[in-house]
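Student: Given next are the chains, with one letter for each unit.
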Amino acid sequence: MNSLKTMTHPKANTVRRLRHGSHLPVGAPLRRNRRRLQLTRWIGLGVFGFWILVALFGPLLAPHPMGAFVSDQIFGGMSAAYPLGTDYMGRDMLSRILTGARYTVGLALVAACLASLIGAGFGMLSVLLPRWLEEGVRRVFDTLISIPSKMMALVMVSAFGASIPLLITATVLSYAPGAFRIAHSLATNLATMEYVQVAHTRGEGRLYIAAREIFPNMIQSVLTDMGMRFVFIVLLLSGMSFLGLGVQPPAADLGSLVRENISGLSQGAVAVIAPALAIGTLTIGANLLIDSLSTSRATQKE
Amino acid sequence: MQGESLIVRDLEIVATPDGGEERSIVSRIGFSLAPGEVLALIGESGSGKTTIALAMLGYARRGCRIAGGSVRLGETEVLSLSPVATRALRGHRVAYIAQSAAAAFNPSRSLMDQVIEAALLHQVMDRRSARDKAIGLFRDLALPDPEHIGERYPHQVSGGQLQRVMAAMALLTDPALVILDEPTTALDVTTQVEVLLAFKRVMRERGTTAIYVSHDLAVVAQMADQVLVLNGGCEQEQGRIEEILERPRHAYTRSLLAATRPVRLADSMPVATGQPLLEIAQLDVGYGKLNRDGEPSDKVLRGIDLTLSAGRSIGVIGESGSGKSTLARAIAGLIAPCHGSVQFDGTPLPPTLRGRTPDQFRRIQMAFQSADNALNPAHSVRRLLGRPLETYFHLDRAERRRRIDELMALVKLPTSLLERKPGELSGGQKQRVNLARCLAAKPDLILCDEVTSALDTVVGAAILELLAELRQELGVAYLFISHDISTVRALCDDVMVLYHGECVEFGSCETVLEAPRHDYTRKLIGSVPELRPGWLEHHPLAMAEGTPA
Amino acid sequence: MTRHDNSRDNRHDNNSDKLTSPQESLQIYRAMQRGLSRRDAMKLLGAAGVLAMGMGGVPGLSPAFAAGGEATPQRGGRIRVAAHSSSTKDSLDPALGATAIDYCRAFMFYNGLTQFDPDLRPQPCLAESFETTDSGSRWVFVLRQGVTFHDGKALTPQDVIYSIMRHKDPAVGSKVLSMVEQIDSIRALDQRRVEFNLSSPNIELPSILAVSHLVIVADGTQDFSKGNGTGAFRCQEFSPGVRSVGVRNENYWRSGYPYLDAIELVGISDESSRVNALLSGDVQMINNLGGNAAERVKQSQSAVLKATNSGNYTDLVMRFDQQPTSRPAFREAMKYLFDREQIKRVALRGYGEIANDQPIPPGTPYYFDGLPQREYDPERAASLLQKAGVAGATVPIVASPAANYSEDMAVLLQQSAAAAGLKLNINRVPADGYWSNHWMKHPLGFGNINPRPTANILLSQFFLSSAAWNESGWKNPHFDQLVIAARGEPDEAKRKQMYADMQTLIHNEGGIGIPVFLSDTEGYDSRIGGMDRTVPLGSFMGYMFAEYVWWKG
Amino acid sequence: MRNTLFGLVAGRLGASLLTLFLVSLVIFAITSLLPGDTAQQILGQFATPEQVAALREQLGLNQPAILRYWHWLSGFVTGDLGQSASNGMAVAQLINDRLPNSLILAGITTIVSVPIAITMGVVAAMGRGGLIDRLLNLVTLSMVAVPEFLVATLAVLIFAVKLNWLPALSYVSTVDSLGDAMKIYAMPVLTLCCVLIAQMARMTRAALIDQLDSPYVEMAQLKGVPPIRRVMRHALPNAVGPIANAVALSLSYLLGGVIIVETIFNYPGIASLMVDAVSNRDLSLVQACAMLFCGTYLVLVMLADICAILSNPRLRNR
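Protein chains in written order, with our numbering: chain A, 1 to 302; chain B, 1 to 549; chain C, 1 to 553; chain D, 1 to 318.
Some hints here could point you the wrong way.
Said to hold, decoys possible - Result set (SDA-like, lysine to any residue): computed pairs, CA atoms no more than 25 Å apart in a straight line:
#  : chain 1 : residue 1 : chain 2 : residue 2
1  : C       : Lys387    : C       : His507
2  : B       : Lys299    : A       : Met66
3  : D       : Lys162    : C       : Gly553
4  : C       : Lys298    : D       : Gly75
5  : B       : Lys299    : B       : Tyr287
6  : B       : Lys289    : A       : Pro130
7  : C       : Lys168    : C       : Gly146
8  : D       : Lys183    : C       : Lys423
9  : C       : Lys423    : C       : Gly392
10 : C       : Lys552    : D       : Trp165
11 : D       : Lys183    : C       : Pro157
12 : C       : Lys298    : A       : Met66
13 : B       : Lys200    : B       : Asp132
14 : C       : Lys168    : D       : Glu50
15 : B       : Lys200    : B       : Ala218
16 : B       : Lys442    : B       : Pro377
17 : C       : Lys298    : D       : Leu154
18 : D       : Lys162    : C       : Lys387
19 : C       : Lys441    : A       : Ser163
20 : B       : Lys421    : A       : Phe215
21 : C       : Lys441    : C       : Gln415
22 : C       : Lys441    : A       : Ile164
23 : B       : Lys421    : A       : Thr224
24 : B       : Lys289    : A       : Val137
25 : C       : Lys475    : C       : Pro324
26 : C       : Lys423    : A       : Met66
27 : C       : Lys226    : D       : Lys183
28 : C       : Lys168    : D       : Pro49
29 : C       : Lys423    : A       : Phe57
30 : B       : Lys412    : B       : Ser380
31 : D       : Lys162    : C       : Glu271
32 : B       : Lys523    : B       : Ala218
33 : C       : Lys298    : A       : Gly90
34 : C       : Lys226    : C       : Pro157
35 : B       : Lys289    : B       : Pro377
36 : C       : Lys226    : D       : Gly82
Simulated from the structure, these hints should not be mistaken for lab results.
This is chain A alone, in the form it adopts within the complex:
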């Protein structure tokens, strides 16, 4: 985190250097639980990778079309024919989850990527822009961040209808400002680093400095941040599905699967538990992955 502290004066990082100097080269904060770290990373990677695969190939594997009414039994339990039971209208839950995961994972992934791309892009470039322009960009993102994400989504969906591009736009508008903030502070720090100044004295252009000197050093933080954003977006999307603003029928993301079957909760229907578990494993998996990545990065840095 210390890289986040703003450093303006060229000598401001002296303290940090000395602090590092006081550490033993081998005695620097080490984590004894490296093996555990590895384990959580593999679990995280496994779970997250699983959902990516489901998103990619799930619809191909689905035994029934997503919207097919296959059974007369409503909220049917697990059976050989319907491994995850049937939903509130007698559709095959397994097929619906396999298909629905694509929406959740795909939407969240696209939105997270776009949010990070826009946020980090502006965050990085604004450092190199003239002061007034930088200030303007910051003001715009500050404005966006102060509007609650669900309200933003609500107004936008009311205005333009709940299409997939709009959902992505709304979530990106909600989450890009956060990414911008982090990227901006990272880039502000990196821009004062001596190697950036070296590049300046070499006469390099702004774009080169941004792309080749600054960006490679913030990519990991940006990726970590993107992972967090992914998790938030999954949850925001399922919240929006609850409010009827999310992915629209007959398509259904995991959140709307939980939502539309929630009346089966009182009877403990698989139809509601299965998609809820799916969301849970997806977000926990992503979190574990991010956690292990960011800690191992911290370790490497020492």
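Fit chains B, C and D to the given chain A structure using the hints.
Tutor: Chains B, C and D only, in chain A's frame:
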């Protein structure tokens, strides 16, 4: 409490790096100290000296473990104490003075609060007497305004004063043993003398047993009775300080000694061509907002004049905050001067980067203090060296490859390092890459900003040698910025002494350093510890203070 | 919408409009549809009952409620009632009533001149009696004596005149503006009698006056936030979108009523929250339950489910003026693609009734049961699609939550259409703005039609060639003639035949597909007494439950 | 210290006003794009065009958007929030009815969640890498992972429907005693805590660990300061800044983000007011709510900064 004896036997400390096997970092260390004696642990970074010192408190840092041996303080076996008893020992019978007081003081609590915390915690005395005693110690340590300095917060007190406050904190409980971990490394030389004097006097008065950790033999010579020379966690040599200084038996000790006193390298240089390369006239530089007269609020340099001929080397010396680095940054175009002119090779140099020509960019290179920060950690060495070749000379792939190999040979690095990233190199290697990158531009002038100060003495000496060789081979001129007079003395033809942003003295190295005219220069030179015991006692400051109170 | 062209300009030649002004309110239409039996109408009109009257008879539909024998009513107690929607748009101005909770409040705090009984006959309420002196264009209502508003003011003819005539001001935003447009004037004959003059005869005026929008407010009222009426409950608290509390009006003119001390009305838009609230005992009555929710209530020990069939329908609109729905074979194919059983079973969970692509529900007098039921027949649909030249095509279909169940129906239709080789792309649009921006604007879309007062009004409004809401743009001169003629046909058998012909025409040629009629479902705490009274207007006892239920707990 | 604080607050207020202005522009622009308008919303499916026209005239919807915005803005600046177009009540009155509810819910949630979250963060940081840390990590992860509507619905099913301990709905109006209040707020607060605690606890842990790695905490250890005191007296005061920031960000969720909880528990708060306002195209109400949310966010962030300054003598005394 008087100092107690300290006997250490067969100390073994192991570390477990992430994912790695447990390995020994300190092995079979033993020494014994009589009450009131001071032992110096000396060695390069990574030699395990701090780790050993911390073991005296029964403490090992995260990832490390004290695997065996005994530390006997008086009658107490430190390593076999229970956690509670260990806590009772720390800050009471054994006290620790950290390298950087600025980092080791909690920024959010007042100094007095922190100074007396241990005493109150261990119920050595009540708050009032602790305060009184602390004020007494402040006075003994020659801190200004001893009555009220304790009410301040760490950021309101200078580094040297903080270091002394920390000493007061350590000594408040009259510990039997004090660990001083490089207590003056972060300080300017002039401040260092004051702090060393204060430490020495107070410790002698109290008869404190102490362990003094340092990489600087000259400092150790002033403070220690015994020396333990470490390398790679193993003892190289142990003995009385005088013996070690005069009759070093071990080769490593000898190289340490040699590095502490670098030989003059500048004399072997060819005489300069005389053509002025860089001419600076009446240069003013500052930070902050401009006021009505166009003057910045925080003016760092005032009225600097300087002429550097091609192939020559000028040293700029001064303590931190004197404006040395700002001068280099102004020449490099990183900060625009508010006044004055800079001419390079006869043409005025545009004040900022924007107006400069690619050729000017090429001909002036800057080597930053810390290669850690100056080398982009994301790039490989090949890329770091290749980029200037690309931008300045537009070389094609094969030519670049050839030139990079040349550069590596020039800075005496094996080409096997080319694919590594800076994080995988040692400090000296990094600094060499840093220099190689400057050389890639075939520059006429290299601005060296404290290039050796972050390095260990031996490594730093090697870099100095390299710089001297390069100058000889390539005829490049240096503006060599340093706080260390001996490095300037070793490398430079001329020297400029900066004090509070003004040049107080300028002249050839011999003249200025051998016969300084300005008071500050004299003080600066006089503050560099000499490699002989007793130098400190005869320092003018010690004489001025008279007999200790 | 170009409705005003009809209602204003064509008033003289289009007789239907005098009866059939467009309204939204669910209740009035249902009321009238069943309310005035022919017999009553005849009685009202005397021997001269020549106008076509509403379909007679009480609803023959199944009240599936399970309340046991009722004990004697008890006084006291307080209940909480949750309606399915409530927002800051809620108002105590009866003219603005838009949802169930508004109608309930109107009947709690105010009274109309007339009110419906369980047989949906208009009964005297604030009017002690009413009569028409010239077959329906001049009416005299005699006001009840001694009725006071909650603020103590006595009821006068001026209040009646103000209450009704204010709806004619467009700025009021009344939902029943077009309905009161036929009232030319109202005047006080004396302190008790009020005379209504209509622009043309309408023997259904007493039924119209029984709707919640036309309840009586005090003369000159502009600020409705106090709910100052003559009703059985006084408004104690009203915060829009949150709750409203009515406490017993001790001076209520109808002695012995109401039973309850207080009623709290809230809106819970989330269905599952609504059911949970009922099951946990936080509220005592809820309405508008989907199939699964209804099952949950049915299975619970503490609550009772009540379902009433209605003539409300959601229909597939196929425009005659757009491709590909202008092709007759395509339209017919779509009608064959409805798996009506499945829609009833899956989408409605059984809470509905199979329909036959015509709008007159079974059990009403003009219902023509000789019409063969159209069945799900994908093969036939496929060949029809082939004939229409759209086999294998992709056609967009617009659905919205605004039209109840249209999304489920669209999904089901999509499934069955796929079986016939037709690909339907569901374009789901938000409820907001649906009626103005989407309804009747797409080749394939959905509409939702609440029942109309009479079969004739229904047919006139939605199927006449010139009708503004001719959903599909269907134009059939023969049908138009039948509609007009039926209004003036004195012979019942002939009239019935005319309606049968009209239904057949719509069934065969019309541009709409009606798969099912929807049921009203509500749940209530088993400790509520009086729930066996059913006014089949809508949920909550036709929104008039307030003074008739009691608390047994 | 006064000067720093004053300068910060003044600067922030200026920036906040600008932000609010921008937010109002954005919201106005989007709501102007909404299909349908208030008049149509009020009149519904079977409105006649002349009715719509008359109502539009009456509500002033015929004016160009810029003019309407100007009217709203000039009213807002003078403290007049205008009238709700859909029911004619003063916007200030509507907000006044709902805001206390939202604030009470937010307040209780804050009182419950912040101490729990910080305690969890502190405990996890102290036992870094240990069993407790990993356990807490798993707990917080799971809390984040479950959609809040599921938590809320499950809680209702268990505590209200099955066990009948707690009411399924939260009626502010029927609070008579502390016991009542606890019953009513138990489930909404529980749900919100699930959402908020995890985030705050994780941030607290990260901020503390950052401090625990610092030389002065090592120094404290070498002075023999026991672990709890090390965390509470040495590390925590320096972590106040980041923690306050995390708390502020989480709490800003409590006004606008609680729409799901408000829906499920039928809690009459400000978020559902805004949802209503949007679906009714009630522009002045939408604007007022948006201003409120953004204003709250800005104030919270500013408070967090003030906290950070007050806790840091370096900033405090500059």
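Student: Are the hints correct? Go through all of them and say.
Tutor: Structure-based check of all given hints:
| no. | hint | verdict |
| --- | --- | --- |
| 1 | Lys387(C) to His507(C) | 20 Å, holds |
| 2 | Lys299(B) to Met66(A) | 72 Å, violated |
| 3 | Lys162(D) to Gly553(C) | 20 Å, holds |
| 4 | Lys298(C) to Gly75(D) | 53 Å, violated |
| 5 | Lys299(B) to Tyr287(B) | 6 Å, holds |
| 6 | Lys289(B) to Pro130(A) | 16 Å, holds |
| 7 | Lys168(C) to Gly146(C) | 28 Å, violated |
| 8 | Lys183(D) to Lys423(C) | 52 Å, violated |
| 9 | Lys423(C) to Gly392(C) | 7 Å, holds |
| 10 | Lys552(C) to Trp165(D) | 22 Å, holds |
| 11 | Lys183(D) to Pro157(C) | 51 Å, violated |
| 12 | Lys298(C) to Met66(A) | 30 Å, violated |
| 13 | Lys200(B) to Asp132(B) | 22 Å, holds |
| 14 | Lys168(C) to Glu50(D) | 12 Å, holds |
| 15 | Lys200(B) to Ala218(B) | 15 Å, holds |
| 16 | Lys442(B) to Pro377(B) | 24 Å, holds |
| 17 | Lys298(C) to Leu154(D) | 20 Å, holds |
| 18 | Lys162(D) to Lys387(C) | 58 Å, violated |
| 19 | Lys441(C) to Ser163(A) | 20 Å, holds |
| 20 | Lys421(B) to Phe215(A) | 16 Å, holds |
| 21 | Lys441(C) to Gln415(C) | 24 Å, holds |
| 22 | Lys441(C) to Ile164(A) | 23 Å, holds |
| 23 | Lys421(B) to Thr224(A) | 22 Å, holds |
| 24 | Lys289(B) to Val137(A) | 23 Å, holds |
| 25 | Lys475(C) to Pro324(C) | 17 Å, holds |
| 26 | Lys423(C) to Met66(A) | 15 Å, holds |
| 27 | Lys226(C) to Lys183(D) | 32 Å, violated |
| 28 | Lys168(C) to Pro49(D) | 14 Å, holds |
| 29 | Lys423(C) to Phe57(A) | 23 Å, holds |
| 30 | Lys412(B) to Ser380(B) | 17 Å, holds |
| 31 | Lys162(D) to Glu271(C) | 18 Å, holds |
| 32 | Lys523(B) to Ala218(B) | 17 Å, holds |
| 33 | Lys298(C) to Gly90(A) | 20 Å, holds |
| 34 | Lys226(C) to Pro157(C) | 21 Å, holds |
| 35 | Lys289(B) to Pro377(B) | 33 Å, violated |
| 36 | Lys226(C) to Gly82(D) | 21 Å, holds |
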